[in-house]
Amino acid sequence: MTGVVVVGASAAGLSVAETLRRQGFDGRITLIGDEPELPYDRPPLSKEILSGRWPDERVWLRDEAAIAGLELDLRLGVRADGVDPAAKTVTLADGVMVSYENLVIATGVRPRWLPGTEGVPGVHVLRTLADARALKVLLARQPRLVIVGAGFLGAEVASVARTAGAQVTLVSDLEAPLADVLGRDLGALLIGAHREHGVEVVTGVLVEQVLTAGGRAAGVRLADGRTIEADAVLVSIGSVPNVEWLAGSGIEFGNGVLCDEFCQAGPGVWAAGDVASWRHPALGTRLRIEHRTNAAEQGMAVARNILAGGDPVPFAPVPYIWSDQYDLKVQIYGLPRGADRFALTEGSVDERSLVGLYGKDDRVCAAVGINKIRAVRAARALVAAPTSWDAAFRREGTTV
Amino acid sequence: MHVTIDEEECCAAGQCVLAAPEVFDQRDEDGIVVLLDAEPDESRYAMVRDAAAVCPALAIVVHE
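The listed protein sequences correspond, in order, to chains F and R.
Just so you know, we're using our numbering here: the first sequence kicks off at 366 and counts up by one.
Just so you know, we're using our numbering here: the second sequence kicks off at 17 and counts up by one.
Same shape as in the complex, but just chain F (with noise of 0.2 Å):
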């Protein structure tokens, strides 16, 4: 047995290796990570860690006796450059060759850049713990700050940083921010929290350029041929699943490594994460999930795949993410993208504490609660399992 590699040290790498431990797993266990830190949490770090709420310290996934109880072969600091799935040998960047049984992929994204802006002194992205640093030192001389992009993550660091006293703008190439995601009357009310908050919002444009001032970010230009002045830039335009190192390994990636139901990417080789997409055996359709819940659940689908030889099970899980921005707490189950109607089952838009369901096909395709923390989660079995949208209705009884 000449154990399991995993490529990638966060959420969904060390769900990997936890859970084969507990499963009973005793041979050996190569954690790899790029970055020098032990694994650490994401969430927070556009959350807690930016706003100060927490020290460093609690981004932590778990403390160092808890990893050093793992035995785990860690290497950390060091990036995998390639794979050669015939020889069944991983090769890092300090060209140490590694051999494995099973190799699990969970190498995650990165922050997709404006072009030509990667490096620029002034021009921020959110991904690591570093990042979220020199953000957070930003943030505490209350600069003006252009964010690029208004998903979550463009808008909780919005939210963040008006707290902190920022002055903010958020510019999106969407007429209406979030309503992808969330459907037009709450990426509105969204939006809206955002802009009573003294958020500059700017929609349905998009950004042509960022414009420098002595090597510094300065603004930027928009394809209206307007201009924003700022002291910094936080572009936060999306991700680029890490896959390139897989290049000429014949393992097959695209938007993600290519993967079946069960998360295997080819004879022993398998992926978990942001970095994966599979097809998800309920839903009928490939999947590659950016969120926190899911690296979690698929490192452990993944890990007791590897121990269930010729037995694998199928991952289907319901989806979820959460989001926090003021005093607004989103949580969604499931996936409300592509939906073909929406409707509330409790509270209203008004109250900013509300249920509400998504369809498609007929079928509730996800749910969604805004500061509804129970009800939502009661809500979530009419997703887990095939509800049509009368069935729905008839058992949550509505205020449509």
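Note that these hints are calculated values from the structure, not bench results.
Heads up, a few of these hints could be off.
[What the hints assert, rightly or not] Facing chain R, a subset of chain F residues (Cβ under 10 Å, in silico):
#, residue
1, ARG387
2, PRO409
3, ARG423
4, ARG427
5, ALA430
6, ILE432
7, ARG653
8, HIS656
9, THR658
10, VAL683
11, ASP689
12, ARG739
[To be verified] Far from chain R, some chain F residues (derived; all Cβ distances over 12 Å):
#, residue
13, GLY487
14, GLY580
15, ARG728
Positions of the beta carbon are idealized from the N, C-alpha and C atoms, including for glycine.
Since the structure of chain F is already known, use the hints to place chain R on it.
Structure of chain R alone, referenced to chain F:
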């Protein structure tokens, strides 16, 4: 097995309740975790370990 929770850490995701409903619940008003059974029966060990593992806030500690 002895289970402890950290309310301060809890982000109210509710994943623990889904994993082990006999051991965890959530407060009505804010969704913060409520520990129903700090010394769960052996038959529930596996689900409690899963609950701790899927907690996105790492608010559940299992002492074994």
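Taking the hints in turn, this is what the structure says about them:
For the restraint placing F:ARG387 at the interface with chain R, the shortest Cβ-Cβ distance is roughly 6 Å, inside the 10 Å limit, so the hint holds. Taken as an interface hint, F:PRO409 checks out: its beta carbon lies about 8 Å from the nearest beta carbon of chain R, inside 10 Å. For F:ARG423, the suggested interface contact is upheld, since its CB lies about 8 Å from the closest CB of chain R, less than 10 Å. Evaluation of the F:ARG427 hint against chain R yields a held restraint, the C-beta minimum of about 8 Å falling below 10 Å.
Using the Cβ-Cβ criterion of 10 Å, the hint placing F:ALA430 at the interface with chain R is not satisfied: the shortest such distance is roughly 12 Å. A distance limit of 10 Å between C-beta atoms decides the matter here; for F:ILE432 the minimum to chain R is near 13 Å, and the interface restraint is violated. Against a cut-off of 10 Å between C-beta atoms, the interface hint on F:ARG653 is violated, since the closest Cβ of chain R lies about 19 Å away. Interface hint status for F:HIS656: upheld, as the beta-carbon distance to the closest one in chain R is roughly 9 Å, under 10 Å.
For F:THR658, the shortest C-beta to C-beta distance to chain R is roughly 5 Å, which falls under 10 Å, so the interface hint holds. Using the Cβ-Cβ criterion of 10 Å, the hint placing F:VAL683 at the interface with chain R is satisfied: the shortest such distance is roughly 9 Å. Given the 10 Å rule on beta carbons, the hint for F:ASP689 holds: about 8 Å separates it from the nearest Cβ of chain R. Because the beta carbon of F:ARG739 sits about 6 Å from the nearest beta carbon in chain R, less than 10 Å, this interface hint is met.
Against chain R, the non-interface label of F:GLY487 holds: every CB pair exceeds 12 Å, the least being about 31 Å. Residue-level check passed: F:GLY580 sits 39 Å from the nearest beta carbon of chain R, beyond 12 Å. Separation of F:ARG728 from chain R is adequate, the least Cβ-Cβ distance of about 21 Å exceeding the 12 Å criterion.
In summary, the numbered hints that this structure violates are 5, 6, 7.
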